[in-house]
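The lines below spell out each chain.
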Amino acid sequence: MSIAWYLAVSAIVFALGAIGVITRRNPLVVLLCLELMLNGANLALIAFSRMWGNGDGQILALVVMTVAACEVCIGLGMIVAIYRRNLPIDVDEMRELQG
Amino acid sequence: MSSVLFFIAAVGVISGAVGVVILRDPFYCVLALVVHLISLAVLFLLLRAEFVAAVQVVVYAGAVMVLYVFVVAYVGGDSEAMGERLRGPGPAGSGLRLGGAILGGALLVELLIALLGTGLSGIEGRGAPYSPGAQAFGTPAYIGKLLLTRFLLGFEVASFLLVIAAVGGVVLARRRREGGQQDEADVLTPLQLLRPSGTGTMAEGVGRRP
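Chains A and B supply the protein sequences, listed in that same order. Residues in the first sequence are numbered consecutively from 54, following the working numbering. Residues in the second sequence are numbered consecutively from 6, following the working numbering.
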């Protein structure tokens, strides 16, 4: 398959993740959709890496995975903290920063 | 053979992503994301990124998804699909949803133009020449060599970031007291280690330090 097909798939996945981030209200699902966007970017990185025969893109994809794991760790910790305080788990209700 | 595999995996990737976006129950969303991640690992394998595919399956589809499943089970995700306001009877709800979909569609068109309209000659090809071997492109040996020579700084920064995130996750999710604030007496400060024991007590006042 030519590289263009992989890039098309990555664009579709990124756009789907963006739609999810915009429309969903549960912060857990917003985090999942953020993962989708990162995965779309990863697929593009690896496709370009294959195109040039150069490993830099794969290293960057690994770093993106690390950052995504950190983001999941912090995000889920925040969701658990929100739940412990008996606040609604809903991004529309959580728009004030005061504790 | 590889094109058949590509289309199967691409259908898995895209249907998993659609499932994450539209499914009602957060638990099913996580399961759809697992399907998405495993199909994506197949695409990575087709692109000769063997090590990244293995990391994707082990770290992402394994560890991170288990974390998600635990939190969904703990929080007990209340079912919401697109939210009451978005699916509700009011015209504003469907308008917002439509707006989100239009925005996503515009983003897709823009990305496709940006990625496929570049006119790069390499995009139409099948990639750089590849010869299998022990240190070939994408193998663990290849990635490890790059990580420990050219990208050593990035590697160390990533490990530092992981430590910070682990500490932050523990601090954020720890169990708090009922009163909300911690007692002052329980907090050990560096000052307490420097002062002699018994400082500020009644025993010191009468000249009898313990």
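In short, the hints are calculated from the structure, not lab data. Even for Gly, the Cβ is constructed at its ideal location relative to N, Cα and C. It cannot be assumed that every hint is accurate.
Short derived list, chain A residues pointing at chain B, Cβ under 8 Å [claimed, not checked]: (1) Ile56; (2) Ala94; (3) Leu96; (4) Ile99; (5) Ala100; (6) Arg103; (7) Gly108; (8) Ala122; (9) Cys126; (10) Ala134; (11) Tyr136; (12) Asn139; (13) Leu140.
Some chain A residues well away from chain B (every beta-carbon gap over 10 Å; in silico) [claimed, not checked]: (14) Arg137; (15) Met147; (16) Glu149.
Checklist entry - For which of the previously enumerated hints does the structure constitute a violation, in increasing order of number? => result 2, 12, 13 and 14
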